[in-house]
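> Keeping their order, the protein sequence lines are chains A and B.
If you read the first sequence in numbering that gives the first Met the number 0, its first letter stands for residue 0, the second for the next number, and so on.
If you read the second sequence in numbering that gives the first Met the number 0, its first letter stands for residue 0, the second for the next number, and so on.
Possibly wrong hints are sitting among the right ones.
[Stated by the list, open to error] Among chain B residues calculated to face chain A with C-beta under 10 angstroms, some are:
1. VAL64
2. GLY65
3. GLY66
4. GLY73
5. ILE75
6. GLN92
7. ALA97
8. LEU113
9. GLY114
10. ARG151
11. PHE153
12. VAL199
13. ALA200
14. SER302
15. SER306
16. PRO703
[Stated by the list, open to error] If the Cβ cut is set under 10 angstroms, some of the chain B residues that face chain A in the computed set are:
17. MET85
18. ALA116
19. ASN124
20. SER127
Keep in mind that the hints were calculated from the coordinates and are not lab data.
Just so you know, even glycine gets a beta-carbon here, dropped at the ideal spot from N, CA and C.
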Amino acid sequence: MPMTRLPPEIRPVLENGTPAAMVTCSADGKPNTTVISQVYYVDEAHVALSFQFFSKTIRNVRENPRAFVCVFDIAGLAHWVLQLQFERSETEGPVFDAMDMQIEAIASMTGMSGIFKLRAADIYRVHSVERVQHPRWTASWSNG
Amino acid sequence: MSNLRILQRVSADINSTLDLDEICDVALRTMDELFEFHHANILLLEPDNNTLKVIASRGYENQAVGGRVPVGTGVIGMVAQKRRLMHVNNLGQQRAYASAQRREMEKAGRHAQLGNAIPVPGLPNAESQIAIPLLIRDDLIGVFSIESPVPRSFGEHERDLVSIVANQIASAIHNARLYEQQRLAAKALHEANLSLENRVAERTAALERELRVAQALLNEARSRVEGPLLGGSALVRGLRDAVAREARSVEPLLLTGPAGSGKEAVARAVHDASGRSGAFIFVRCGEITAQHRHGVETKALRSPEESFIGSRFELASRGTVFFDAVHELSLDLQRALHTTLEEARRRPSATDSSTGDVRMIGSTTHDMRQPPPGAFLPLLQLLAANRVTVPPLIDRREDIPALVDHFVRRHSRRLGKVIDSVSPDSMRRLEAYTWPGNIRELRTVLERAVLVSKSTVLEVDEEQLSEALAIGSYRLVTSLGSGGMGEVWLAKHRFLVRPAAVKLIRHDVPPGTAREQLVRRFEREANVTAALRSPHTVQLYDFGVNDSGSFYYVMEFLKGLDLHQIGTRFGPQPAERVIMLLRQACRSLAEAHERGLVHRDIKPANVFVTRLGTEYDYVKILDFGVVKEQSGHEATLLSNPAVVQGTPAFMPPEIVLGEKRIDGRADLYSLACAAYWALTTQTVFEATTPAHMLLQHVQARPVPLSERSELVVPRQLETILMACLEKDPARRPASALELDTQLAHVRCEAPWTNERAQHWWEAHAPDVVAT
Numbered sequence: 000m001p002m003t004r005l006p007p008e009i010r011p012v013l014e015n016g017t018p019a020a021m022v023t024c025s026a027d028g029k030p031n032t033t034v035i036s037q038v039y040y041v042d043e044a045h046v047a048l049s050f051q052f053f054s055k056t057i058r059n060v061r062e063n064p065r066a067f068v069c070v071f072d073i074a075g076l077a078h079w080v081l082q083l084q085f086e087r088s089e090t091e092g093p094v095f096d097a098m099d100m101q102i103e104a105i106a107s108m109t110g111m112s113g114i115f116k117l118r119a120a121d122i123y124r125v126h127s128v129e130r131v132q133h134p135r136w137t138a139s140w141s142n143g
Numbered sequence: 000m001s002n003l004r005i006l007q008r009v010s011a012d013i014n015s016t017l018d019l020d021e022i023c024d025v026a027l028r029t030m031d032e033l034f035e036f037h038h039a040n041i042l043l044l045e046p047d048n049n050t051l052k053v054i055a056s057r058g059y060e061n062q063a064v065g066g067r068v069p070v071g072t073g074v075i076g077m078v079a080q081k082r083r084l085m086h087v088n089n090l091g092q093q094r095a096y097a098s099a100q101r102r103e104m105e106k107a108g109r110h111a112q113l114g115n116a117i118p119v120p121g122l123p124n125a126e127s128q129i130a131i132p133l134l135i136r137d138d139l140i141g142v143f144s145i146e147s148p149v150p151r152s153f154g155e156h157e158r159d160l161v162s163i164v165a166n167q168i169a170s171a172i173h174n175a176r177l178y179e180q181q182r183l184a185a186k187a188l189h190e191a192n193l194s195l196e197n198r199v200a201e202r203t204a205a206l207e208r209e210l211r212v213a214q215a216l217l218n219e220a221r222s223r224v225e226g227p228l229l230g231g232s233a234l235v236r237g238l239r240d241a242v243a244r245e246a247r248s249v250e251p252l253l254l255t256g257p258a259g260s261g262k263e264a265v266a267r268a269v270h271d272a273s274g275r276s277g278a279f280i281f282v283r284c285g286e287i288t289a290q291h292r293h294g295v296e297t298k299a300l301r302s303p304e305e306s307f308i309g310s311r312f313e314l315a316s317r318g319t320v321f322f323d324a325v326h327e328l329s330l331d332l333q334r335a336l337h338t339t340l341e342e343a344r345r346r347p348s349a350t351d352s353s354t355g356d357v358r359m360i361g362s363t364t365h366d367m368r369q370p371p372p373g374a375f376l377p378l379l380q381l382l383a384a385n386r387v388t389v390p391p392l393i394d395r396r397e398d399i400p401a402l403v404d405h406f407v408r409r410h411s412r413r414l415g416k417v418i419d420s421v422s423p424d425s426m427r428r429l430e431a432y433t434w435p436g437n438i439r440e441l442r443t444v445l446e447r448a449v450l451v452s453k454s455t456v457l458e459v460d461e462e463q464l465s466e467a468l469a470i471g472s473y474r475l476v477t478s479l480g481s482g483g484m485g486e487v488w489l490a491k492h493r494f495l496v497r498p499a500a501v502k503l504i505r506h507d508v509p510p511g512t513a514r515e516q517l518v519r520r521f522e523r524e525a526n527v528t529a530a531l532r533s534p535h536t537v538q539l540y541d542f543g544v545n546d547s548g549s550f551y552y553v554m555e556f557l558k559g560l561d562l563h564q565i566g567t568r569f570g571p572q573p574a575e576r577v578i579m580l581l582r583q584a585c586r587s588l589a590e591a592h593e594r595g596l597v598h599r600d601i602k603p604a605n606v607f608v609t610r611l612g613t614e615y616d617y618v619k620i621l622d623f624g625v626v627k628e629q630s631g632h633e634a635t636l637l638s639n640p641a642v643v644q645g646t647p648a649f650m651p652p653e654i655v656l657g658e659k660r661i662d663g664r665a666d667l668y669s670l671a672c673a674a675y676w677a678l679t680t681q682t683v684f685e686a687t688t689p690a691h692m693l694l695q696h697v698q699a700r701p702v703p704l705s706e707r708s709e710l711v712v713p714r715q716l717e718t719i720l721m722a723c724l725e726k727d728p729a730r731r732p733a734s735a736l737e738l739d740t741q742l743a744h745v746r747c748e749a750p751w752t753n754e755r756a757q758h759w760w761e762a763h764a765p766d767v768v769a770t
């Protein structure tokens, strides 16, 4: 698959914390859609997703490394659609530490320290990125 | 405003103050201008290093201030733990997600794995939070946190900006804290310095006071002891040889000689020549009371008397203890002194006894050929083994010029007079005179002559000599003693044969208010006493003021002992004798009370027991010197309200409290105190200070006599005396006559008769009552 670079304007969208939709597919071709809390910006070519629980998503990704993420840009009233390829799982390093710190901060407040825990930072290569403006949102905004 | 300019201003503002609140205020305001947030907190690490405390906030109306966050908990706690900036968005959803997971686990019964949810101060519905550690080098001092209810994005540039400002805040806070620490340290140092200065000043003042007192005491002691060893007569040379010889000895020494001859001076000279490093301790034996003895802590295996004697020896460690008029010690104390000396002789180097290293010197005016009454013979025999006699001045007449020269120089220097010499006539007069008062009298005469002298050549004429020795129609024979009011002399009428006692105002009271008050008090005493006719009140023959302004009065001369002397020397007295003495005292007081006079100073020393013709144990009440009229008129005229007059051990509560209306029942209280003392030789209350004694008269209940007396006290007598000791005068006998009547009804097994009294005097003090 060809590799692409993430445009700078997507970074605030990734950081705004709006949940994203993620689609994966098992080895036998069954798709699965889920909502993930955050897509972490790693560098121009990579994003990271948190691996906290043994969910169907993780199982699918381990079987079939391709994934599809749709990020909502609330301010721009648009979608960003990213095609990803699972590359590796990190259990240490700056990306893991940053993600782990954030998750631990939340866990400590809810009495879930040691349970609500980052097991690994899954690093995905970005294959494509596309911004999709939603015509109905634009219309309702302009009419509003 | 550009970010750069904001940063410049932040830097200027933050560094313009060392006040922590101002720094926080600037920091929060600047952050708001930079990032337009609505909620922010500055937290500092507590000394325990486990907690962060909110010290300033914005957007919370200060509600967050004081809140605490454990290190490692929440975004702020995690930033403190990791010491790294953290930016979190979508906080609400993440929390909700974690909470949902928690509920799932709870449903699955996995409670044991779960911890407690910990609330942290801040915005409850925050969606976005950025927290920055405040670091000084690598040390965490706190966290800066910004929270927002809507998602916020922080790019690289903004994060850098936040970090720069945070570094500046951290430095400013650190500097402010250092400054505060230094300020507090400087303040503490300043306060410590002040406190030290005050303490040093107080101590210095106290030491100066002590030094002045010590200097005054030393001067006073020197004035007594300088001179007696001057001269070239054989007698005084022998005395100086004796001093040199005795200085090398460690044996107890007895000095005998008439009053005023200089026994204390000889004792001090022996001490000075001995090279002993310790102090010279002067014990005036006649003034030791039961109170003094009870003030000393009794040591194991020692009687209270031995402890008292031992305490004087300890004070004189490596020095000399001088017992002046040693025969006036009570028998118990004489026995204790004898025991102590015997012990010291047996174990001269005993380390557990300080008496082994103390030289003991005693003195007496009595000739050893006839022991004084009340003397403990073994003690006198022990002391008399090593005896030095101090001669009367008349026996060393040739020393008079040297002594005159010494005293004139000393008095003129002290009084600021220039006296070059003494006129030949005066010197002849001084040499010819008999000096019954010995060197003490010579000193007094010369002091007065120097005081009145208007020339550089001192004149002492016949008038001045006779003035010292003649009062009105009376000629002074010998000094009987001195007290608070003045000196008492034995005197003889120029024409009549009867002896008399002459009381003179003290010479060392300087002119001024105190002197005037004393003279007026003296006059009142004389007037009051003259008005009384009871045979049990000391009779006044004459009073007046002589040409040099000295006040005097002449009263009957009484041979005998006062109740204090009787108790001190011979111990507790039988109840029947005390009753008999009390009844006579009551008759004296009854007359005084009837005339509206209250004695106010009834005590054993003022109940004088004498022989009158064939009557023994005849009581005379002495010293109406502090008598007050019941109206209080004279009292306000003369009394200093700040001074309580009387003697603490015998003082009624109403006088202690300074009540204005005092009547005769006050004397009955004091008389009961005196009776208590006579029956037990103990005061009604025991105290180590006069103030404590006075307090007890007001507050404490007296111990019943029967519990303290060694002798049998009839129950009736005890009841009467305890009634007299009631705090409320209304509960005491109404008058001295009523008390007399009550006492008359007390039944005793063997009444105290004149025969018993005569026998007692002949056995105990024959010379006192000899005709």
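> Which earlier hints can't be squared with this structure?
1, 2, 3, 12, 13, 14, 15, 16 and 19
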